[in-house]
Structure formats: structure tokens, C-alpha cells
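Peer 1: In the order they appear, the protein sequences are chains A and B.
Position 29 of the first sequence, counted from 1, bears residue number 29 in the working numbering, the numbering being contiguous throughout.
Take any residue in the second sequence, note its place counting from 1, add 196, and you have its number in the working numbering.
One should not assume that every hint holds.
Now the in silico label distances, taken between C-beta atoms and shown as ranges [unchecked claim]: (1) R285/B / R171/A: 38 to 46 Å; (2) G76/A / E288/B: 34 to 42 Å; (3) K147/A / I222/B: 22 to 30 Å; (4) E277/B / G54/A: 14 to 22 Å; (5) D146/A / P275/B: 33 to 41 Å; (6) G54/A / S272/B: 36 to 44 Å; (7) Q257/B / E52/A: 35 to 43 Å; (8) E73/A / T205/B: 48 to 56 Å; (9) Q144/A / G253/B: 49 to 57 Å; (10) E288/B / P107/A: 30 to 38 Å; (11) G76/A / A281/B: 41 to 49 Å; (12) P107/A / R284/B: 31 to 39 Å.
Don't read these hints as lab results, they were simulated from the structure.
Glycine included, every Cβ here is placed at the ideal spot set by N, Cα and C.
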Amino acid sequence: MSSSPQPSYSGMHVKGGLIRTRFLFVVLNHGADTWARVLASLPESERESLKEIGVDNWYPLGTLDLVDRAIAEQLGDGDKEEEIFDRLGEFSAASSLSGPYSSLINPDVHSFLTQSAMIHHAYQDFGKASYSSLSDTSGLLTIQYDKAPPATFCVSGSSYFRHAVELCGARSARVTHTRCCARGDDACEFYFTWQP
Amino acid sequence: MVNNVVATTITALEAQAAASLFLSDILGDRFLASAPKLDSAAHVWRVPILLAYPFIGPVGQTGEILVNATSEEIISFTPLEEMKATARRLYEENRDAIEAAFSSAQIQQGL
Chain A
1 MSSSPQPSYS GMHVKGGLIR TRFLFVVLNH GADTWARVLA SLPESERESL KEIGVDNWYP
61 LGTLDLVDRA IAEQLGDGDK EEEIFDRLGE FSAASSLSGP YSSLINPDVH SFLTQSAMIH
121 HAYQDFGKAS YSSLSDTSGL LTIQYDKAPP ATFCVSGSSY FRHAVELCGA RSARVTHTRC
181 CARGDDACEF YFTWQP
Chain B
197 MVNNVVATTI TALEAQAAAS LFLSDILGDR FLASAPKLDS AAHVWRVPIL LAYPFIGPVG
257 QTGEILVNAT SEEIISFTPL EEMKATARRL YEENRDAIEA AFSSAQIQQG L
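Please put together the full structure from these sequences, using the hints given.
Peer 2: Below you can see the structure in the form of C-alpha cells.
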């Protein structure tokens, strides 16, 4: 693993697949030139580590955060950050759940969310996730973190899960980020509702 | 007094998750743990491993992981080199579709 550029996220890593998803999101939707500008805006050490994105490698969470903020800057000119991370989360769901994680798709949304919590550590080495159903069409995903990840991580995560639930076949999926470590809460909590 | 200890069978979801985590550690995220089948005689879950690409989906099976039906322990798996060799063959067989899906992205990264 490379060293983390941001001490606040030291010891926290994500799988290269998450960074590759950012790369695909930018290149397939906005062109290779935009990705080149994203890279150019990063510190030299980060640019070097992203010349070839190893999907099997672990990257510092700080690198992902820098990439996310650079994408928001390039695509939104500093504005519309939330909208960009919302689209990124949707793209991420469509991308990973059509391929490497397609076996997670399940018409039983509770099963999908249960298994998503179980494999939490397949793509990030921090936090502990658990899921509990609240009714036939609602549930709560809780992630305990020792240190809060960036707030943008939760924005794209919420969007990822909302779209993922719809890919499972549910309608009108909603995700409310009821508690967030980045806002000072003791855990991140995502409240799901959907229509069958 | 006799104590009857009945081992609890883990669910298919748990077996699949155990295989996914194992794959993530050793092979990376192009390998997909598919729907497990319970082999009652051997007391294991048999989890087929598929090669899969974003937006394309699974393109074929590369091997199998056996998960202990009561403990989520990985009992055995198709040798990694064999799975990688099968993955390379499957990639070649599906190269056109894969490259078409990622033509613009491939300019910069070896997908």
C-alpha cells in the first residue's frame, strides 16, 4: 500500500476498484481529457500512483478523497458537488452491480442489503457494517467507524445504495443518511424505504 | 445426560459473502462469487467463481470455492493459476465485447 497523503485518514484504505469506478465515470461520461485534467490537478505523488489503477491494490482513502474533490472541481467548477457525487454513486452501482458484484442483486432487498454489509471489507478496510430490517419495505444499514470518512464518501454511498435497491427491482427507493460520523455522530446510519 | 450438539448450517448468503471476501483478498474484483449450492453429503457450500466485467456481466466460470457449511471457513478452491489462466482465455474469447464497452477508457488504462 502507498502512504496516505492525509494524516486524518491514515490507516484507512479502499480497493482500487473504487478509484477505477471514478476513472470510468469521468472517461465514459466526460471524456479522457477531463480525466487528464483531474489527474493534473493532483499532487505529483498521487498522479504517479494513479498512472495505472490496480483494481486489486489497496489505495489510501486520502487518495480517493483527493480524486473525488478534483472530479467535483472539474465537473462542477466547485459548485453542484452534491449532484456530482449523487451521479457518481449511481454510476458506481450500475457499474459494479452489472459486473463484479452482480451476484449481489436480489429481488429480496433485505438479502441484498444484508450481504452488502457482510462484504463491506471487500472494498474498504475500515468500519464495521451491519444491517437490520425494520419492516417488509424498510431497513437500517449502520456503519461504525473509528474515524469519520469524508462526507462526500457518504453522499456517493447513499446514492449507490438507492440506485442499487432499484436495480434489485424495487420502486421509489429512498435512502436517508440519518446519522453521520462526519457530522459528529457516533456511527453512519442509512435508513432505507422502498416499494415492492 | 447426553448433549446433542447440532451444527447450524450457514446460509447461502453467508457462504457467498465468505467466498466474495476471500476472492477480494486474493484475486481482485473481476472475479465474482456466484449463487452457492449446498452439497449436503460433503457438508459444504459450492460457490461457482465467474469472471465478470462492469456493464457486461459474467462471461464464464473460472473455478469453484468450497465453504464449510457450518463455519464460513474456506475448505478449498480451484488453484489460483488455473483460475487466472481460465480468466485469460475467457477474456480472449470475449475481447471484442469487453473492448467495445470500454473503448474510450482503454486508451488510458489496461482494462
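Peer 1: So, for every hint listed, does it hold in this structure?
Peer 2: Hints, one by one, checked against the model:
Here the CB-CB span from R285/B to R171/A is close to 40 Å, well matched to the stated 38 to 46 Å. Between G76/A and E288/B the Cβ separation comes to about 40 Å, which falls inside the hinted range of 34 to 42 Å. As the Cβ distance of K147/A to I222/B is approximately 27 Å, the hint placing it in 22 to 30 Å holds. About 19 Å separates the C-beta atoms of E277/B and G54/A, a value consistent with the hinted range of 14 to 22 Å.
A hinted range of 33 to 41 Å for the beta carbons of D146/A and P275/B is consistent with their spacing of about 37 Å. A C-beta distance of roughly 27 Å is found between G54/A and S272/B, which places it outside the suggested range of 36 to 44 Å. Between Q257/B and E52/A the beta carbons are some 28 Å apart, a value that contradicts the proposed interval 35 to 43 Å. The hint said 48 to 56 Å for the Cβ distance between E73/A and T205/B, and at roughly 51 Å that hint holds.
Remark: the range hint 49 to 57 Å for Q144/A to G253/B is contradicted by a beta-carbon distance near 33 Å. Remark: the range hint 30 to 38 Å for E288/B to P107/A is upheld by a beta-carbon distance near 34 Å. With their beta carbons about 44 Å apart, G76/A and A281/B fall inside the hinted range of 41 to 49 Å. Our hint of 31 to 39 Å for P107/A and R284/B holds, since their Cβ atoms are close to 34 Å apart.
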